[in-house]
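Visitor: Listed below are the residues making up each chain.
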Amino acid sequence: MKIIKNLAVLGFVCFASVANAADKLTVYSYRQAFLIDPILNDFTKETGIDVDVVFSKKGIAERMMREGRLSPADVVLTSDFYRLMELVDKELVVPASSELLSSNIPAQYRSPDETWYALTMRVRNVYSSKERLGKLNINYEDLADPKYKGKICTRSGKHPYNISLVASMIAHHGEAETKAWLTGLKANLARKPQGNDRAQVKAVKEGLCDLAIGNSYYLGKMLQDPKQVPWAEAVEINFPNQDNLGSHINVSGMALAKHSRNKDNALKLMEYLSGDKAQKAYAEVNMEYPVKADVEPSALVASWGEFKADSLPIYKLAEFHHAAVKMLDEVKFDL
Amino acid sequence: MSTLTISDVHSDYQGQQVLKGLDLTLKKGEIAALLGPSGCGKTTLLRAIAGLQTISQGEICINKRVLSGSNVFVPSEQRGVGMIFQDYALFPHLNVADNILFGVKGGDKEQRKRRLNEMLSLVKLDGLSQRFPHELSGGQQQRVSIARALAYEPELLLLDEPFSNIDAKVRGEMMLEIRAILKESNVSAVFVTHSKDEAFVFADKLALFNGGRIAQYGTAEELYSSPNDRYVAEFLGAGNYLQARVSSSTSVETALGTFKSTAELKHGLNYQGELMLRPQQLEIVADDAGTGVILERRFLGNTCHYKVNVAEQSYEVNSQLSQLVPGQRVTLTTPVHPLVMF
Amino acid sequence: MILGLPKRWSLAGYFVALVITLPLVAILIQAMIPDESVFGHLLDTVLPTYISNTLLLMFWVCLGAILIATPAAWLVAKCHFPGRAIFQWALLLPLAMPAYVVAYVYTDLLDYAGPIQSALRSFFGWGSPQDYYFPEVRSLGGASMMLAFVLFPYIYLLARTAFMEQSSSLQHATRVMGCGPWQSFWRFSLPMARPALAVGVALVAMETAADFATVSYFAVPTLTTAVYDTWLGYGSLSAAAKLSAIMLLVVFTMIGFERFARRKQQLFQKQSGAEPCELYSLKGIKALLATGYCTLLLLVSFLLPFIILLNYAWQYFDESWHVEFLAFSFNSFYIAAIVSVISVTLGILLMFISRVSPRKADLLPSRLSSTGYALPGTVLAIGILVPLTYLDFAVNDLYEYLGQQGPGLIFTGSVFVLIFAFCIRFSAIAIGSVENSYKRISPSLDMAAITMGLKPSSLLWRVHLPLLRKGIFAGMLLVFIECMKELPAALLLRPVGFENLATYVFQFVSDEQLEHGALAAIVIVLVGLVPLIYLNRSLEQQG
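Chains as they are written, first to last, in UniProt numbering: chain D, 1 to 335; chain G, 1 to 342; chain H, 1 to 543.
Heads up, some of the hints might be wrong.
[To be verified] Below, in silico cross-link-like pairs of lysine-lysine (DSS-like), each with a Cα-Cα straight-line distance of 27 angstroms or less: (1) LYS258/D <-> LYS130/D; (2) LYS455/H <-> LYS113/G; (3) LYS24/D <-> LYS268/D; (4) LYS186/D <-> LYS158/D; (5) LYS64/G <-> LYS455/H; (6) LYS124/G <-> LYS105/G; (7) LYS20/G <-> LYS360/H; (8) LYS455/H <-> LYS109/G; (9) LYS27/G <-> LYS169/G; (10) LYS105/G <-> LYS360/H; (11) LYS149/D <-> LYS186/D; (12) LYS169/G <-> LYS64/G; (13) LYS90/D <-> LYS326/D.
[As the list claims (entries may be wrong)] Here are a few chain H residues that sit away from chain D, every Cβ distance over 12 angstroms (derived from the structure): (14) ILE33; (15) PRO34; (16) PHE218; (17) TRP231; (18) LYS439; (19) GLY497.
Hints are computed from structural coordinates only; laboratory data are not their basis. Where a beta carbon is used, it is the ideal one built from N, C-alpha and C, also for glycine.
If we strip away everything but chain D, and leave its shape as in the complex, we get (with noise of 0.2 angstroms):
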């Protein structure tokens, strides 16, 4: 009996929790919370608005969907493009509208019907050794190539940023030639798929490789961190396909849930992230390239210089991804 007295006591604890909870805006997060802390921080201050933010690297779209009308989120920040399309396959998600997001950010980095919209755009780079390759003019497809053999890092296949890269290779060579270079890329790497893209770097400055896939602001990042530094200074940042079809990019990205309690406060941290303020921290903070027009990069990512873009839009990418995983799970590219 006693057993069942503690039971309704934990009971109650949980669910004043939880009800306390209401008044707040809870963000879904699939971004590392101190990625993005420091601006919900400042949009806190200016509105007074509480944020709690839950992060995770995996699986925010099926946790949506178990808790279904009872979900606490509000709004869902996402770290890829594929993410975002999969909220709303699954009708997670639901329009936003509002002038200044419209007017915020351009119209090829939101939705037509306003179910997402982007905040950043990051650019998939080939990263060289300075010491033995130098300045590199590579495209993805050379990744295949038998003369790199042993000489590429990448992180696992499975990551939604490699998902992303098969899945554009796939929206431009078609299936059958895209698996043969996954299979050429796969023959190549130095070592099975693992760590984080930074790892990668790493691995370039230590020797273990020469090419690295990797994100473009990882290079920034690593460049802020003092242990990591030398990382950095071992490679230079190359983009991709300059010469045809440009290079992959991805973007990060945010969408209104669709059972948020608290959509007028939701909204307002919506239009937050895309006004100046915010895209500038993106940007000065997380070195990625914002996509509200008047907003420039770094100082630093500026240094890296102009390159040309994928013109594929990005809408497209989602139609590829399940073939993009499963064609990664038929190479075993990561086994």
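Chain D is fixed; fit chains G and H onto it per the hints.
Guide: Frame of chain D, contents of chains G and H only:
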């Protein structure tokens, strides 16, 4: 007035009949021993009395109150029986005082203290009330467990092989001591043992078990000298069993000759059966013309044990005579006494 | 046995067992729901690798752990050599180390850029990885080594006890018949200890199968990580449940094997209370080898990683010591405390019922409730979320039906779900601990108490609880450290914004910067050390 009445008790355990119709009564202040080899049901009966085991038929009453019977089952905690266990079952986390007062309900501090002291002096453990069980000898623990059971003022005390863990050297003394305690407090007790010697010393009455039945219930003397059957006779002591024929109401014919009985025989004329003679009931005399020959001789201190062969049949004899030697010719007779025949 | 035990006790037991087995049932039901060909796709592509990885990993870890643990156990149990008294308990310390932390530390040491390979390169003048061969740390073999080093104490503990309890007269007999220590080990001690070793192997295999963090850090995909990926990556709960069912098959096979071995072990170790046999006195080079072996083992499996952790923590202390760190520690502690109290309470209740109930069927609840431990954290998470989500919706529907605002996700959205999951997973430990203590309480104490008029509840309160004190305490400690260490369930089930030490440390491990989380890792290790030392002492007192 009888404290305990058991009538026609049956008990099953996993489809097997363990008790097959037992009857037993015990008077106030009497001590009964449930005696028998292991697996004969004596412990089952003890537990059934305590309410730790169900019965399938019959009735168990204490002081006319039905405790187990058809549609009646009084739970152990309401039966008012005390129980003493083979391992004494003292609570290791409580000291002697708390152990003794464990079952004592109510009463103010003074009364409880008085009760405790009464009990301590009854079992001669004055001054040890603050000790813990592991600081006591086996005998002392035994006495604490008795004090604990008596402090609770049970209507009946049940003892489950209470002496089997006590060193043989002090066991006899211990039994007498505890018997004295029980007698002093005039409590009725049922006591389980597989040792006839313990039963002889400790109990007033013996119930000898045989395969879930009571073979015979009575005083030790009754069971020893006039057993109901050969099982009882054998259990309580060695004996010689002679082929015999009843030749008159007070005499039988055997291979050793015709013996007279001081009591009337139970069997009719010409009944063929076995005559039981305890080894000390046979007399041995040296006789060069005798039909017996001594096969073995063992000196036992106050007596001498002989194995004697008479007409291809061997007999066990206990005798005060110690000078006979193997090979010597002898004659066996028995003094006139109440003969027991099966 | 209490013949008149009220039925409500049995009902309570069955209720607890029902709740604890709920996830298992939920998974089996979920596994039967068809999924959109996800499972078929997995089966065609990566599943065979996942399964073979899982089995290979289990095999290598068990083999490694046996080879490491058996000599150490035999030396400590049968020989005198310098440091024996210390090794006796110190060799248990690795159990306090989360395997993924050890894995991280060794990756750092042995990786291409690590001090060892760097030193080799500069010494031999090698320039690139093509110039020489060095085994890959982040591999199946590497993961097996790490897990073996962390899990070998299970086998060590059981084998040591088995060796110590081997009857001295048998040992003498082998000696009289001319067996030296070496022969005596091969021909007598080892065969006699085989059942105990088998029990240890089964435990190690189960722990290996349940490991999530090490294999995910080493990028060795196993069934556990597959469950996680399939669920969250493919978003297919039923495919994940199917994988879980495969996983359960593996685990339950292990359990069956363990039960079988345990029964055998009882046969082999019947003669208890035998006086300890005198130890072989090792002298000279032999003593040196013995001490050297144990020292090396301790160094590799515990001291080195721990010192490196301390070093990390020292260097990054200012960054690590902040309010959040305290909050995460508090989260870990209070959850572990609540769970250990609840688990032990359940353990006491269940064991009490199975001890005193006259109904044979009442043995079932405590048996059923012990199955919770078999569910690896990832599998358990799925099994819990499904029914609790239903419950959440039911509660909210009820509120709304009554025209009120629903309370939201009171079960799955709060720490309740974590506490619930941990209780299910770790009740088995509490039950085992209480059960062991109960075995040492003579049944006649119960009978004595009952005949003196005690009701069942007062029997529990006045007699059993005081006597179970030690077992209760040990059970609580064990559950406590397991809660501190448990990662996958915490990762998957934690509510909005919740972080505890384990998830916090793992976040840094997966971001390749454990340095920042070293302080938290040390707290986990230190909390784990206390009960280990306490338990070992009480074990020795028994022996």
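Visitor: Against the 27 angstroms threshold, does the CA-CA distance of LYS24/D and LYS268/D hold or violate the hint?
Guide: holds (13 angstroms)
Visitor: Are the Cα atoms of LYS186/D and LYS158/D separated by 27 angstroms or less?
Guide: holds (13 angstroms)
Visitor: Has the given pair, LYS105/G with LYS360/H, been kept, meaning a C-alpha gap of at most 27 angstroms?
Guide: violated (33 angstroms)
Visitor: Has the given pair, LYS90/D with LYS326/D, been kept, meaning a C-alpha gap of at most 27 angstroms?
Guide: holds (20 angstroms)
Visitor: Between LYS258/D and LYS130/D, is the straight-line Cα distance small enough, at 27 angstroms or below?
Guide: violated (48 angstroms)
Visitor: LYS149/D and LYS186/D were given as a pair; does the straight-line alpha-carbon distance stay at or below 27 angstroms?
Guide: Measuring from Cα to Cα gives roughly 9 angstroms; hence the hint holds.
Visitor: Determine whether the non-interface label on PHE218/H survives the test: each CB of chain D must be over 12 angstroms from its CB.
Guide: violated (8 angstroms)
Visitor: Once the closest CB in chain D is found, is it more than 12 angstroms from ILE33/H?
Guide: holds (14 angstroms)
Visitor: Regarding the pair LYS27/G and LYS169/G, is the alpha-carbon distance no greater than 27 angstroms?
Guide: With a Cα-Cα distance of about 32 angstroms, the restraint between LYS27/G and LYS169/G is violated, given a limit of 27 angstroms.
Visitor: Hey, does GLY497/H actually stay past 12 angstroms from chain D on C-beta?
Guide: Check fails; 5 angstroms does not lie beyond 12 angstroms.
Visitor: Is LYS64/G within 27 angstroms of LYS455/H, Cα to Cα?
Guide: The given pair, whose Cα atoms are some 24 angstroms apart, holds under the 27 angstroms limit.
Visitor: For the pair we were handed, LYS169/G and LYS64/G, check the Cα-Cα distance against 27 angstroms.
Guide: violated (41 angstroms)
Of the numbered hints given earlier, the model fails hints 1, 9, 10, 12, 16, 17, 19; all others are met.
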